[in-house]
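There are 2 protein chains.
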Amino acid sequence: MPVQRSAPPAPSKPAPDSTRRSEKSRRAIYDAALSLVVEVGYPKTTIEGIAARAGVGKQTIYRWWSSKADVLMEAFLDLGEQSLREAGPVPYTFPDTGDLAADVKGVLRATVDQLRDPRFEAPSRALAAEGVVNEQLGRELVAKLMQPSLDLYMERLRAAQDAGQVRPDVDPRIALEFFISPLAQRWLQHTGPISYEYTDTLVDYALHGLAPR
Amino acid sequence: MPVQRSAPPAPSKPAPDSTRRSEKSRRAIYDAALSLVVEVGYPKTTIEGIAARAGVGKQTIYRWWSSKADVLMEAFLDLGEQSLREAGPVPYTFPDTGDLAADVKGVLRATVDQLRDPRFEAPSRALAAEGVVNEQLGRELVAKLMQPSLDLYMERLRAAQDAGQVRPDVDPRIALEFFISPLAQRWLQHTGPISYEYTDTLVDYALHGLAPR
Numbered sequence: 001m002p003v004q005r006s007a008p009p010a011p012s013k014p015a016p017d018s019t020r021r022s023e024k025s026r027r028a029i030y031d032a033a034l035s036l037v038v039e040v041g042y043p044k045t046t047i048e049g050i051a052a053r054a055g056v057g058k059q060t061i062y063r064w065w066s067s068k069a070d071v072l073m074e075a076f077l078d079l080g081e082q083s084l085r086e087a088g089p090v091p092y093t094f095p096d097t098g099d100l101a102a103d104v105k106g107v108l109r110a111t112v113d114q115l116r117d118p119r120f121e122a123p124s125r126a127l128a129a130e131g132v133v134n135e136q137l138g139r140e141l142v143a144k145l146m147q148p149s150l151d152l153y154m155e156r157l158r159a160a161q162d163a164g165q166v167r168p169d170v171d172p173r174i175a176l177e178f179f180i181s182p183l184a185q186r187w188l189q190h191t192g193p194i195s196y197e198y199t200d201t202l203v204d205y206a207l208h209g210l211a212p213r
Numbered sequence: 001m002p003v004q005r006s007a008p009p010a011p012s013k014p015a016p017d018s019t020r021r022s023e024k025s026r027r028a029i030y031d032a033a034l035s036l037v038v039e040v041g042y043p044k045t046t047i048e049g050i051a052a053r054a055g056v057g058k059q060t061i062y063r064w065w066s067s068k069a070d071v072l073m074e075a076f077l078d079l080g081e082q083s084l085r086e087a088g089p090v091p092y093t094f095p096d097t098g099d100l101a102a103d104v105k106g107v108l109r110a111t112v113d114q115l116r117d118p119r120f121e122a123p124s125r126a127l128a129a130e131g132v133v134n135e136q137l138g139r140e141l142v143a144k145l146m147q148p149s150l151d152l153y154m155e156r157l158r159a160a161q162d163a164g165q166v167r168p169d170v171d172p173r174i175a176l177e178f179f180i181s182p183l184a185q186r187w188l189q190h191t192g193p194i195s196y197e198y199t200d201t202l203v204d205y206a207l208h209g210l211a212p213r
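These protein sequence lines map, in sequence, to chains A and B.
Be aware that the first sequence starts at 1, since it is given in UniProt numbering, and climbs by one per residue.
Be aware that the second sequence starts at 1, since it is given in UniProt numbering, and climbs by one per residue.
Isolated chain A, as found in the complex (with noise of 0.2 Å):
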């Protein structure tokens, strides 16, 4: 879903009060569902809870999202969108220079600086946890929060093969699992340490393969 949809809708002939105050509100319910998740967990997050800390009636929540997973998602878009736009004015593709291995390296190393982040930390991982234990929360996160950059990668690497640099048999959405699978697991897991120089072999290994040539 994207977040514009069930933002609050904009009145034909927005009255700049009414506008304000919605947006007002909208910002506190954001926070009031984030800093919930992080510190009681998702199964005990409840638009009511959320509602109470953000100084708003349950309606006002009711009227705008779906579900409490529904506030989540959006209050989780929203942070990314805030961050993207403190680093300037940058559109939300992936680069193309020709270079595959540069292309895929620099977007790790931003994913490695956000998942680095403590303003995102907390809730993607009480977001995560969820999604694993309950399926269809996870398949939500998948759909409505990775799906979008799993397009980028899959775009960018059928342009590699449009290039030649990338094998014409290679299923690019298993191919795009090396680059993103490994940092995702020592990210979830605790399995090892993240930098940039480890993403930038995750690269080159994938790439090159591990058999000698």
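Keep in mind that a hint or two might mislead.
Copies of the same chain are indistinguishable here, so a pair counts whether it falls within one copy or spans any two.
[To be verified] Mimicking DSS-like on lysine-lysine, the simulated pairs with C-alpha atoms at most 30 Å apart in a straight line are:
1) 58 x 105
2) 24 x 144
3) 68 x 24
4) 44 x 68
5) 58 x 24
6) 105 x 68
7) 58 x 44
8) 68 x 58
9) 44 x 24
10) 144 x 68
11) 144 x 105
12) 105 x 24
13) 144 x 58
14) 105 x 44
Keep in mind that the hints were calculated from the coordinates and are not lab data.
On the provided structure of chain A, position chain B as indicated by the hints.
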């Protein structure tokens, strides 16, 4: 911690009745721990709850284990050993037929079977989910439950390097992640289906790389 070390210590001259009683208690405690963590989650699973469900005193548990994390990890290791025994007298080593691809494919197919075994799935997910938000537990899970297999992968990859099948400059600790991390992420985060065909493909891509040769 090896399972044997914290199992009930065998008396120097075992009295058959008390040994049987201990073994029966140990099994009841394992079953109680695994079923509780699935039903109420890791944070609400307590030594008291495990004792009550197992029909033993709290002190019986504290005599053998120092924490609920210890009980759960050993219960889980025991489950793995049970399933190995059922599969026949297979020693837990990594096959080395000289064909690295075939050997890794075989091990990954067995992992696919285990990830799909309903006896494993619920407790594995409950422990893994808690490890995502609880770094100390996460690190214990890695050290006690995952490290033994990671070591076997590393040993097999080093043998392949000696045999000239893997480049000598490749770090086996990173290389093994191409085999285990994509599968782990699909399973943990519900990012895609798991099958023998999928893991076979991972092995081929990892060994030969994505770039044209």
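Exercise. Hint by hint, which ones does the structure fall short of?
Worked result: 1, 6, 12 and 14
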